[in-house]
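Chemist: Residue numbers (the working numbering), protein chains in the order written: chain A, 1 to 449; chain B, 1 to 274.
Hints were generated in silico from the structure; no laboratory data involved.
Even for Gly, the Cβ is constructed at its ideal location relative to N, Cα and C.
Which bits of chain B does chain A cover? Going by a derived footprint, with three or more residues having C-beta under 8 angstroms, they are: (1) 78-89; (2) 136-144; (3) 164-170; (4) 218-227; (5) 244-253; (6) 259-269.
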Amino acid sequence: MEDRKRVKRPRGVAQLISGKCIACGARCQSSCPKDAIEMNEKGEPIIIIANCIGCRKCLKVCPVDALEIYLTPEEQKILAELAAQKKVAAVEEAPEVIEEEAALLVKLKEYRGVWVFVEQTAGEPAGVSWELLGVGADLARARKEELCSVVIGDHVEHLCQESFVFGASKAYLIDDPVFRRYLTEPYYKAICYLVRKYKPEIMLVGATGLGRDLAGAVATELQTGLTADCTGLAIDDRGFLLQTRPAFGGNIMATILTEGTRPQMATVRPHVMPLPAKDSSRKGKIVREMVPFQEADIAVKVLEVIDERKAGEVDVAAADIIVSGGRGMRAKENFSLLQELADELGGVVGSSRGAVEAGWMPAERQVGQTGKTVRPKLYIACGISGAIQHLVGMQDSDVIVAINIDKNAPIFEVATYGIVGDVLKIVPSLTQRVKELRAKGVEFMVERH
Amino acid sequence: MLVVACIKQVPDTTQVEIDPVTGTLKREGVPFIMNPFDAHALEESLRLKDRYGFRVVVISMGPPNTEITLRKSLALGADEAVLLSDRAFGGADTLATSFVLAEAIKRLNQKDEVVAVICGRQTIDGDTAQVGPGIATRLAFSQLTLVDRIENIDLTAKKVIVRRKVGSWREKVEAPLPALIAVVREINHLRYPTLPRRLMAEKAPVSLWDNQEMKLDENRVGLKGSATQVRRIFSPERAKGEILGDGLNEPEEAANLLLENLIEKDVLYFNSSS
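This is chain A alone, in the form it adopts within the complex:
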């Protein structure tokens, strides 16, 4: 054996790059094996150099690349010398780590296919389910696997056929009176049973009240990753699901992965993904399953359902044209100007949170983070400054028009067309012009893609 003295390869120490940390919640500190990181009051790391061994674990987990390795000039010199002698071995992972990873990959490969949960109430499907089949088809194609729907309910077999029309090639069906009304326990137990039996790789659920209630329970029971409110879904070069979602109230976007468990679960809000084209000639295979639990075990009961939908209530999320007003409308009466324009264009009137809080518009018209997410063909924002909470609810609209007196209002940053001016003058001018055109015997239509 050679007994040559080896120069130790300097590893340096971690240091924070000023201004880059976003106080994500102490991921770096949590990853540090040597207690070399303390967090300050602002939630930024302080590196205790004496403890740092330069292992780079904190660099790997930092989502904004706010940490780097600092090497003293002497250390850099040694590194350069070592490199010259070609004695620097690449940083090797311990062999057991590689084995562990290989074993994990084998386990993950057992899971195949993309599943979409079909949400329904009394046999009536939620539109978001079909939207998910659209993006689900892209993911299935990228993974070269099949797209399946999961239909659970009472007298819901027709939804299997409908899911084929929207792109699924297989439907898992559990049809039983026990599922007549949605309750967390029977539904999540049914889904966990199907997942354990058929092992899907990806499962998508609509981010509705029902979907969030269900997905949270399913992911916990299966001990797998769940990413809420995704606005982008794609497959990376390793075949993993890249889930992009707004965080921090929409101020930043985060791309999230579920690396070690399956299925990879994601919820998506309604109207975020486009509805796929229908093909009524498509057929698929129905896989029927039995109820996997005793009905007597379900102790939760729905005593009463109170339908509060008033006749003629407007659903802004379903409209192709939305004329929306904010605090810049200045008074409740001025919303009639928006109604007139909306009537001429065949649209509906929406609202910002500010206008709802001022009592100018009812809460069900509110667009935004705490209101509805909309994706119309045309969104006209009148006197809305464009707080981030509003933008996250409408920024996926096909065309956005912003009318605002303040040329620096953030709404102009998402607008396709902007007019800087007084809404109370511009909106009536628009209405008048549309009226003139209609008087010539022509009807405005929104283009349907």
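Let chain A serve as the given structure and place chain B on it in line with the hints.
Modeler: Same frame as chain A, but now just chain B:
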């Protein structure tokens, strides 16, 4: 008997801005607040205390300065506050978070029976609404989300009746106790702390449960116990649009220009058949 309120201290995201030059988050001076949804969870717990005489224990997982928010909940009327804080708990996703919270609730339950756990619908920084269902599933409690009224708690029959706001309708649900109840903001109006309580809260103890105390498997908490990994964080991309005309001085002309553009780009078009 005990009601546990789960709260989180969050940055006030309505005050966060993006630096237009660097594209990074400007956090200078952004205050930490009690998650607004959780404030209603705490309020509802205090109302249950008023109605049924339960003790209210507030728990929160977070960095050491979360103590400030926990102290505020004592000032509002909570009987006890427990801070779950350890460097091993940091970087947790909802799966790892619900694990630590559920284990803390189990510990509380050993001393005094937990009737209900109340949490807010979601947080304003994460917006996931996943931690509540996570706690319910882990503890095998009845899961009741989107609750806008707690109608009745029957301790003899061990049942709770709540009203849930689901989409455009509401439903009344009866469930066995103990239950996890996630509330919407409309459920109640918040109270304000009284001066004597506020003075009392300043000196009141906040228990710290770190992992020496809780002895949880380090592979199930924090970053290591998280099933999801944040790969990248970035600023949303936005395409800059076009400002049309001089709306300030020529509103009619600007309106005309807009309609011309919408028609030219086929957003609106004439239907000559009608």
